[in-house]
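Colleague: Spelled out from the first residue to the last, the chains are:
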Amino acid sequence: MSKEEKKVNRRDFLFTASYTVGAVGVGAVIWPMIDQMNPDKAQQALATTEVDISSIEPGKSITVLWRGKPIFIKKRTSEEIAEARAVKLDDLPDPQKDEDRVKEGKDEWLVMLGVCTHLGCVPLKDKGDFNGWFCPCHGSHYDVSGRIRKGPAPTNMEIPKFEFVDSNTIKIG
Amino acid sequence: MSEHEYTPKSKAGKWFNDRLPLLTLGAHLTDYPTPKNLNYWWTFGGILTFCLITQIVTGIVLAMHYVAHADLAFASVEHIMRDVNYGWLIRYIHSNGASMFFLAVYIHIFRSLFYGSYKSPREVIWIIGLMIYLLMMAAAFMGYVLPWGQMSFWGATVITNLFSAIPLVGDSITTWLWGAYSVDNPTLNRFFSLHYLIPFLILGLVVLHIWALHVPGNNNPVGIDIKKPSKDTVPFHPYITIKDAFALLVFMIIFAGFVFFTPNVLGHSDNYIPANPLVTPAHIVPEWYLLPFYAILRSVPDKLGGVILMFSAIFILFVLPWLDTSKVRSAVFRPIYRQFFWILVIDVLMLGYVGAMPAEGIYLVLARVGTIYYFLHFIVVMPVVGYLEKTDPIPMSISEPVLTGGAEPSLARKVNDKV
Chain A
29 MSKEEKKVNR RDFLFTASYT VGAVGVGAVI WPMIDQMNPD KAQQALATTE VDISSIEPGK
89 SITVLWRGKP IFIKKRTSEE IAEARAVKLD DLPDPQKDED RVKEGKDEWL VMLGVCTHLG
149 CVPLKDKGDF NGWFCPCHGS HYDVSGRIRK GPAPTNMEIP KFEFVDSNTI KIG
Chain B
-15 MSEHEYTPKS KAGKWFNDRL PLLTLGAHLT DYPTPKNLNY WWTFGGILTF CLITQIVTGI
45 VLAMHYVAHA DLAFASVEHI MRDVNYGWLI RYIHSNGASM FFLAVYIHIF RSLFYGSYKS
105 PREVIWIIGL MIYLLMMAAA FMGYVLPWGQ MSFWGATVIT NLFSAIPLVG DSITTWLWGA
165 YSVDNPTLNR FFSLHYLIPF LILGLVVLHI WALHVPGNNN PVGIDIKKPS KDTVPFHPYI
225 TIKDAFALLV FMIIFAGFVF FTPNVLGHSD NYIPANPLVT PAHIVPEWYL LPFYAILRSV
285 PDKLGGVILM FSAIFILFVL PWLDTSKVRS AVFRPIYRQF FWILVIDVLM LGYVGAMPAE
345 GIYLVLARVG TIYYFLHFIV VMPVVGYLEK TDPIPMSISE PVLTGGAEPS LARKVNDKV
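Residue numbers (the numbering used here), protein chains in the order written: chain A, 29 to 201; chain B, -15 to 403.
With the rest of the complex left out, here is chain A (with noise of 0.2 Å):
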């Protein structure tokens, strides 16, 4: 092979250009075999659930079902409010103010996916060391606010996407 042979000729350029055709095709025909997996529409369109709220008494909590979730409302009484204030940042391992994790004036109304942020399973309530939730699947401990206090879980449970529509009414989503 003489040197002269090595420059770029019309083969190489014929050669690149359809090696980044044929990238580009192949690319558009794996995505949509990827996408597939994703959340469909009809998963998407469970995306908001309406709760009445209205008989749920002080102190007392429910579970709603919402993109296939359990939601925890629990209405707090003003001791658990003023527990859940009373604990300093510094004792959090993800530390986060209780006043930011409700709506401001309704902070009785703790609203939160009751979802182990460890590996996904559902906390009982009104157990283990912090008067909140914990989880039985590998001990996390939450407080009253559904912060983690103890165990392996990263981080609080999520508060999800909601509003009030009226008094006794809340739209999750």
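Hints are computed from structural coordinates only; laboratory data are not their basis.
Treat the numbers as computed from the prediction; the structure is a model and nothing was measured.
Be a bit skeptical, because a hint or two may be false.
To be verified - Just a few of them, taken from the derived set where beta-carbon distance is under 10 Å, the chain A residues facing chain B:
| hint | residue |
| --- | --- |
| 1 | Ile101 |
| 2 | Gly142 |
| 3 | Thr145 |
| 4 | Arg177 |
To be verified - To list a few chain B residues with every Cβ distance to chain A over 10 Å, as calculated:
| hint | residue |
| --- | --- |
| 5 | Arg66 |
| 6 | Tyr165 |
| 7 | Ile257 |
| 8 | Ile298 |
For each residue, glycine too, the CB sits at the ideal point set by N, CA and C.
Using the hints provided, position chain B relative to the given structure of chain A.
Modeller: This is chain B only, laid out in the frame that chain A set:
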């Protein structure tokens, strides 16, 4: 492929074999020169092939009666158990078959570890074997989800949530795996599809596994290279086939014992409760064959760290041929390694035990000690012992210690026992 040319006797056979040499392949498999001292630990390859075929055949039958839908799956499994002719038998064979499959594969893997079968020139056989093992775990996990009981649902939730530990993209990956915002009907559907696919992928890898085995030939209890064919070898058929068949028979008796007398002892009673996304069972445990890895996962007080360590526990096995620095294959001639080998066996069994126990108190301590030793064994013990160990003298051939009485009588007896 073959050491000698094979020519079919009949004219038709020759005509066909010239066009597709299947008969040559058959002759190769029959005459395949095998070390004559293979002991019963070498029969698990055949046993595993039997397990795979059993799972495929019973699985295809179950798929004829099963419905992969979140509202119908549980009822369809009960329908199989109560209404379908012999459905109970076929399902119990399939569910216990998974356990028997893993029992056999663990013996097969530890056989390899003891006799150094993973070492040069058999690294590729070992790696293909590990790929089969990974696919087996995926298939077993997805299969366990299909009855859509409480353990199915929550097992699926916990395992898929492992991927949420991945920084940044974890949640998107988990949602993508689910096809919903939690484990739901789309998840069940795709798990069924993949559960049906994976055994055939395994079958393909098994062909490669055996092909790669037939290039250097079998390792053997003495662990030395042998000339093939020679007085150290016997033809695969009938010598090895009959030994494999006998071992398989014993294995099938144990298998049948589980199927007919305690078909549910290896399962979990909570899986006879239909899946409920609002209530997690008080005590979630995976199937027994995944318990050591589960113990490793729980031994780490950090979500991402636990997941990384659990996957590392499997993937470290892929580099094992390069972590082991000893030139001697068989632990029969490695007095120090042999002891560490048994410590590893005990360690893995202990991890399995604490994996089934609650992750607290003494169990958590044991899990941590066990996890640390597991990694020390591969990262420190194997390279260091390989360098420092003074190995016992190795015979020149399999026959030598037997025929000459051997330079070392104890050694000769040891080999003799296994012939």
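Colleague: With reference to the structure, classify each hint as holding or not holding.
Modeller: Hints, one by one, checked against the model:
A distance limit of 10 Å between C-beta atoms decides the matter here; for isoleucine 101(A) the minimum to chain B is near 13 Å, and the interface restraint is violated. This hint holds: glycine 142(A) has a C-beta 8 Å from the nearest C-beta of chain B, less than the 10 Å allowed. Because the closest C-beta pair between threonine 145(A) and chain B is about 8 Å apart, less than 10 Å, the hint holds. Taken as an interface hint, arginine 177(A) does not check out: its beta carbon lies about 14 Å from the nearest beta carbon of chain B, beyond 10 Å.
Every C-beta of chain A lies more than 10 Å from that of arginine 66(B), the closest at about 29 Å, which supports listing it as non-interface. Non-interface status of tyrosine 165(B) relative to chain A is broken: a Cβ of that chain comes within 10 Å, the nearest being about 4 Å off. Non-interface status of isoleucine 257(B) relative to chain A is upheld: no Cβ of that chain comes within 10 Å, the nearest being about 14 Å off. The beta carbon of isoleucine 298(B) sits about 18 Å from the closest Cβ of chain A, which is more than 10 Å, so the claim that it is off the interface holds.
The structure fails to meet hints 1, 4, 6 from the earlier list, while all remaining hints are met.
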